Amino acid sequence: MKKSALNLVSALCLIGMLAGCSSVDKKDGTSSTKTDPDKTAGTSTTAAPDKAAETPPAVVAGQASDVTTTTTLPSGQKQIKISLDTLPNDMVICTVAGKAITIADYRRMLKLQQAQAQGNISGNVALRGSLFQEATKRGLALSAAERSKLLETAKAQHKDFPAFLKERNLTEAQFDKEVEQAGLVFKMSNAMIEEGLLSQLVSRQLLASAVTDPNAEKAATAGYEKLKGQTKDFELLRKATGLTSEDLKKETVRAELARVQVVKLEQAIKITDQEIQDFYKKNQSQLKHNERIRMARIVVMAPEQSQGPILSIREQVKRVNPKLEGKDLDATVAQVLQQQQQKALVLLGEAKAGNGNFTKLANENTEDAMGRILKNGGDMGWQEKQQLVPQFAEAVWSIKPGTVLPKLVKTSEGYSIIKVTGHEKPGVVGLAEVRPLVQAKLKQDKLQKVINVWITEKQKTAKVEFSPKFLQIANGGEVPKVTTTN
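The sequence shown begins at 1 in the working numbering and counts up one residue at a time.
Bear in mind the hints are in silico, worked out from the structure with no lab data behind them. Heads up, a few of these hints could be off.
Said to hold, decoys possible - No farther apart than 20 Å at their CA atoms in a straight line, the calculated lysine-lysine pairs in the PhoX-like style are these:
(1) 343 - 407
(2) 264 - 218
(3) 239 - 250
(4) 270 - 449
(5) 281 - 441
As the list claims (entries may be wrong) - Here are the simulated distance ranges between beta carbons:
(6) 176 - 242: 22 to 30 Å
(7) 264 - 328: 56 to 64 Å
(8) 88 - 323: 31 to 39 Å
(9) 170 - 143: 20 to 28 Å
(10) 307 - 218: 36 to 44 Å
Treat the numbers as computed from the prediction; the structure is a model and nothing was measured. Heads up, the beta-carbon is just placed ideally off N, CA and C, and yes, glycines get one too.
Taking the hints into account, I'd like the entire structure generated from these sequences.
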């Protein structure tokens with residue numbers, strides 16, 4: 001999925017995360033608003049389970065049944081347990097500041113957060129390990145039906161399953177174990193999402209209802225229409241979430257209105273130099289680095305294979321001249337590749353000769369998109385040896401700062417001219433280097449607290465009411481007394 005589609009999913013889920021997840025006191029079932037980043041499906045540093053599946057199966061059992069939600073609303077209730085399969089979309093769960101939150105709203109948010117979590121989990125081995133350990137700690141397990149469905153789906157993804165096992169050097173029992181672990185990871189992720197989802201929906205509505213600018217909703221709708229116009233990205237997002245266009249529109253507008261209020265709260269937050277320095281001093285033990293070098297580069301694009309938005313030279317030639325085929329196409333592609341190599345050699349010669357500033361040379365000639373946007377002289381930042389491809393690391397590690405590597409470096413993008421700009425022994429990262437990250441961290445922490453306090457105060461004055469019908473179902477037929485604050 002491309003960046004714009006991913007950004008929308010993140011934006012839609014961000015408000016719920018910022019609004020404060022609900023955690024339950026196991027002694028009396030009451031809840032308190034707090035966010036523990038180590039217990040959400042977005043962060044972790046714990047080791048992964050043995051042989052965690054490289055690509056966890058897409059089918060996850062238990063997504064829409066036995067849903068447990070906990071809430072900070074003044075309902076006086078313990079954990080509410082419902083089965084989404086039994087409730088109609090138009091059933092009202094509660095009203096917040098006069099706006100209804102329905103089962104349909106709940107399902108939409110659930111699908112969006114599951115889509116985001118699946119993307120995070122698939123690309124993060126440490127996160128999968130953390131979720132697996134949490135599932136084990138809680139005693140969570142797959143049912144026989146869930147296990148059977150997962151294995152059937154996973155094996156169906158390989159046309160020649162025995163050949164796949166042979167290629168991976170796996171037994172069927174080992175494969176089954178990987179799939180079961182992956183399924184348990186996703187089931188744990190879903191459970192953690194569901195635990196705070198209703199509270200997040202209420203928090204989002206409180207934030208959105210605070211926006212009084214009549215143009216805000218128009219702007220949010222316009223943002224949705226812009227995304228919809230990006231057909232490929234929009235369809236990828238719809239496929240990932242399983243939501244209709246109308247559902248995505250509703251989520252986009254509500255999330256954007258809530259974001260407007262979050263931005264308003266954020267604007268009042270100030271981070272002082274003293275706070276930055278105090279945080280830096282306190283965390284220096286975590287800011288150590290090994291021996292490292294800093295480099296800058298000039299890129300001359302010559303991709304032989306397409307990679308996402310980067311088209312191969314062949315594809316670029318075909319777009320310019322669709323009629324070219326066969327030997328004529330091959331000859332033209334070879335000619336363009338040769339021209340790009342020659343251009344890179346000329347730039348290498350200029351860089352080695354020192355004719356002009358390397359920063360200026362990079363800003364005027366680099367062809368990589370990020371370099372053209374940043375105009376930072378091709379700066380690649382600091383790199384430790386183990387972060388580099390071994391052959392490349394050996395080539396640049398012994399070069400003195402201020403020296404240009406005497407040969408071109410061939411990458412999947414094309415050709416790079418490299419200059420080593422710094423070399424440091426093991427030490428501690430300087431404050432100047434990490435200042436932007438420290439400032440962002442401190443601001444995010446303050447914002448989380450500000451939002452939590454704002455929501456807590458808002459709940460004292462906003463009218464929040466559970467639907468009696470919903471509570472009746474959630475509590476096994478008994479309709480309890482519900483107190484609200486006006």
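These are the hints, each one checked on the structure:
no.	hint	in the structure
1	343 - 407	holds, 13 Å
2	264 - 218	holds, 18 Å
3	239 - 250	holds, 17 Å
4	270 - 449	holds, 13 Å
5	281 - 441	holds, 15 Å
6	176 - 242: 22 to 30 Å	holds, 27 Å
7	264 - 328: 56 to 64 Å	holds, 60 Å
8	88 - 323: 31 to 39 Å	violated, 57 Å
9	170 - 143: 20 to 28 Å	holds, 25 Å
10	307 - 218: 36 to 44 Å	holds, 38 Å
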